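Novice: Use these hints to put chain B onto chain A, whose structure you have.
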Amino acid sequence: MLTAIVTMTLLAALIGLVLGYSAIRFRVESDPVVDKIDAILPQTQCGQCGYSGCRPYAEAIAAGEAEINLCPPGGEAVIQALADLLGRDPKPLDADHGEEKPKQVAVIDEQLCIGCTLCIQACPVDAILGAAKQMHTVIAEECTGCELCLPPCPVECISMAPVKEDINTWKWPFPRAAEGGA
Amino acid sequence: MSGRRLHEFPGGLKLEGHKSLSNAHPIRRAPLSELLVIPLQQHIGEPAEPLVKVGQKVLKGEPIAKPQGYISVPIHASSSGTVIAIDDHPVPHPSGLSAPCILIKTDGDDKWCEPPRFILDDWREMEPSALRNRIREAGIVGLGGAGFPTFIKLNPGTAPAVDWLILNGAECEPYITCDDLVMRERAEQIVGGLLVMRHALHAARCLIGIEDNKPEAIARLGEVVAALGDDTIEVVPVPTRYPAGGEKQLIKVLTGREVPSNGLPLDVRVVCHNVATAAAVFQAVEDGRPLVSRVVTVTGHGIQDPCNLEVPIGTPVEDLLREAGHFTDSFERLIIGGPMMGFEITSLRVPVIKTTNCLLAVARDELPGAGPQLPCIRCGACAETCPARLQPQMLYWYSQARDFDRVQDFKLFDCIECGCCSYVCPSHIPLVHYYRYAKTEIWAREREREKADHARRRHEFRQERLEREKRERQERLRKKQAAAKAGSDKKAEIQAALARVKQKKAKQAADGEATDK
Numbered sequence: 014m015l016t017a018i019v020t021m022t023l024l025a026a027l028i029g030l031v032l033g034y035s036a037i038r039f040r041v042e043s044d045p046v047v048d049k050i051d052a053i054l055p056q057t058q059c060g061q062c063g064y065s066g067c068r069p070y071a072e073a074i075a076a077g078e079a080e081i082n083l084c085p086p087g088g089e090a091v092i093q094a095l096a097d098l099l100g101r102d103p104k105p106l107d108a109d110h111g112e113e114k115p116k117q118v119a120v121i122d123e124q125l126c127i128g129c130t131l132c133i134q135a136c137p138v139d140a141i142l143g144a145a146k147q148m149h150t151v152i153a154e155e156c157t158g159c160e161l162c163l164p165p166c167p168v169e170c171i172s173m174a175p176v177k178e179d180i181n182t183w184k185w186p187f188p189r190a191a192e193g194g195a
Numbered sequence: 422m423s424g425r426r427l428h429e430f431p432g433g434l435k436l437e438g439h440k441s442l443s444n445a446h447p448i449r450r451a452p453l454s455e456l457l458v459i460p461l462q463q464h465i466g467e468p469a470e471p472l473v474k475v476g477q478k479v480l481k482g483e484p485i486a487k488p489q490g491y492i493s494v495p496i497h498a499s500s501s502g503t504v505i506a507i508d509d510h511p512v513p514h515p516s517g518l519s520a521p522c523i524l525i526k527t528d529g530d531d532k533w534c535e536p537p538r539f540i541l542d543d544w545r546e547m548e549p550s551a552l553r554n555r556i557r558e559a560g561i562v563g564l565g566g567a568g569f570p571t572f573i574k575l576n577p578g579t580a581p582a583v584d585w586l587i588l589n590g591a592e593c594e595p596y597i598t599c600d601d602l603v604m605r606e607r608a609e610q611i612v613g614g615l616l617v618m619r620h621a622l623h624a625a626r627c628l629i630g631i632e633d634n635k636p637e638a639i640a641r642l643g644e645v646v647a648a649l650g651d652d653t654i655e656v657v658p659v660p661t662r663y664p665a666g667g668e669k670q671l672i673k674v675l676t677g678r679e680v681p682s683n684g685l686p687l688d689v690r691v692v693c694h695n696v697a698t699a700a701a702v703f704q705a706v707e708d709g710r711p712l713v714s715r716v717v718t719v720t721g722h723g724i725q726d727p728c729n730l731e732v733p734i735g736t737p738v739e740d741l742l743r744e745a746g747h748f749t750d751s752f753e754r755l756i757i758g759g760p761m762m763g764f765e766i767t768s769l770r771v772p773v774i775k776t777t778n779c780l781l782a783v784a785r786d787e788l789p790g791a792g793p794q795l796p797c798i799r800c801g802a803c804a805e806t807c808p809a810r811l812q813p814q815m816l817y818w819y820s821q822a823r824d825f826d827r828v829q830d831f832k833l834f835d836c837i838e839c840g841c842c843s844y845v846c847p848s849h850i851p852l853v854h855y856y857r858y859a860k861t862e863i864w865a866r867e868r869e870r871e872k873a874d875h876a877r878r879r880h881e882f883r884q885e886r887l888e889r890e891k892r893e894r895q896e897r898l899r900k901k902q903a904a905a906k907a908g909s910d911k912k913a914e915i916q917a918a919l920a921r922v923k924q925k926k927a928k929q930a931a932d933g934e935a936t937d938k
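Taken in sequence, the protein lines are chains A and B.
Here the numbering used here is used: the first residue of the first sequence is 14, the next is one more, and so on.
Here the numbering used here is used: the first residue of the second sequence is 422, the next is one more, and so on.
Hints in this document: simulated from the structure, not taken from any laboratory.
There are no misleading hints in this set.
Result set (PhoX-like, lysine-lysine): computed pairs, CA atoms no more than 25 Å apart in a straight line:
| no. | chain 1 | residue 1 | chain 2 | residue 2 |
| --- | --- | --- | --- | --- |
| 1 | B | Lys872 | A | Lys49 |
| 2 | B | Lys911 | B | Lys900 |
| 3 | B | Lys860 | A | Lys184 |
| 4 | A | Lys114 | A | Lys104 |
| 5 | B | Lys860 | A | Lys177 |
| 6 | A | Lys114 | B | Lys872 |
| 7 | B | Lys872 | A | Lys184 |
| 8 | B | Lys860 | A | Lys114 |
| 9 | B | Lys832 | A | Lys184 |
| 10 | B | Lys906 | B | Lys891 |
| 11 | B | Lys872 | A | Lys177 |
| 12 | A | Lys146 | B | Lys891 |
| 13 | B | Lys925 | B | Lys911 |
| 14 | B | Lys474 | B | Lys487 |
| 15 | A | Lys116 | B | Lys860 |
| 16 | A | Lys49 | A | Lys116 |
| 17 | B | Lys872 | A | Lys116 |
| 18 | B | Lys860 | B | Lys872 |
Note that the structure is predicted; figures quoted are calculated from it, not measured.
Pulled out of the complex, with its shape left as it was, chain A reads as follows:
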């Protein structure tokens, strides 16, 4: 009886030591879950989820403070991927935060632009080029379509245009069951 108690106590102490040591020795600085969630988010940095960017939203999800269905640009695919990663149930997109839209880019009407630089300051990915009292323009390749440049513009010269499909980005449609034949 005594032997058993001593053995178990010793074992517990030993394992405790090992665990305690490895907790310090192999400490992970940043939370890997946050990185994984951040890797799934679309990085538009649009803030439609209510957080200031994709990373803050990822941190909130990891901390259990936010639902996984607040990201309209990511849509169904992101919700599904997050549900798979975190073992939560997928939910439909929260309509309060916006709806899933086809990919867009911002376009500045260069005739109307007065060169106020407000949109440049609003752009989260530095996709707008220009200087004070000089015409601005959007680098379409870099634009994430977050729409953050729309509200600050005093002359409403920025509009969103859908991204055109070309033969390199075209996708085969899902086969319709009824039609048959490849």
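Specialist: Leaving out everything else, chain B in the frame of chain A:
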């Protein structure tokens, strides 16, 4: 011919050839169209960049677009005339979308430009890299299938010596006979091109693989090779079995070597080119003629006069159909490529491009009907026929479930889209369509992923910059304040010094007064 021991590839199908429809007559020159539509992207890789302006006169063979990036070749005017537009125009693509094209209104003279100076050099004495450059300058891409730039496939890179250079004359897909006719009529050019390619690759031995349903082509090439008297070059008839003309399948049949998953033929020290590509290489190197035309089979029971035509690149499809007697009453649909791997087009305005090998006008009930799709009964017929040794039923299952991770576990990207599985499926499931859907969907997600990562980096960089600017501003402010403070201290010091002087003076005055007294 040779007594070479041949191997077998797994699966495959015995198909009705329908080759005699179009291979009875020699190659005819297609009449020159009034309008040539030349797409800037005709193959895998980067599109070319226009070198001409609207209104500019061009001569046949003149470069009109230059390559961008490595996997890209220049494009040449296929006849003389005037550039009338550089604009979006329907192109031969399964999407039916438009893409940037150079439109040339021909003047009917079909006048060649001066051949480039380099043709004076003898290719036998050229460095392989210079030779590859010459082939690139001529705009040559693989004429058999996907149109990969030929000069890249003539670069052995750092790989060890190439054991086999294979010319692919199998032409396994039903109906198509353009390679057959090229082999019969241009055997000397093909063998000439083979020698050029061999020089570029330093290949030890060469094989020309031809399906045994083309006896004339085998005999003709056999004669030319025999006249050469080089016993390291062989013409090898291979059994007719679809898809023996698949690159990996032909390599397996001829050499017994298997190209690894995700690998290239070069990994097993083999390089494979199409026979018509070899002929184009010969013309480019020997005569300095760029790739401005190709042979296209126009066939099917939906067309009145099936034939093979030598067609300038950019000729609209409708002009070819007119040359082949136009549609019969039973015409149903038009396919670019063959019945197994081709795709349907709806616009007759699309042009012939470098990779267009066949126009198939299908009559009603000509091809085995695609009945309504039924559930998969897991009979395994697809797995038995798959030449890539995949499990098509599993690929189908995960593609339709949109489970793109699992579908890649089952090696979706090893699928060559030969269509054997769809052909044998008793439930009429359009299997290849599902795989194409899954492939393009996966590529799109990868592109989005890359774009997101790029946006993340830019966002983080911006955050960092804003932080830094804030810090610098604060630093400046602090310095200014410190300086201001230091300034006020000095004032106080001056005041104190003045006060001291005053005091001293007062004291001196007092002392003076005292001594005066």
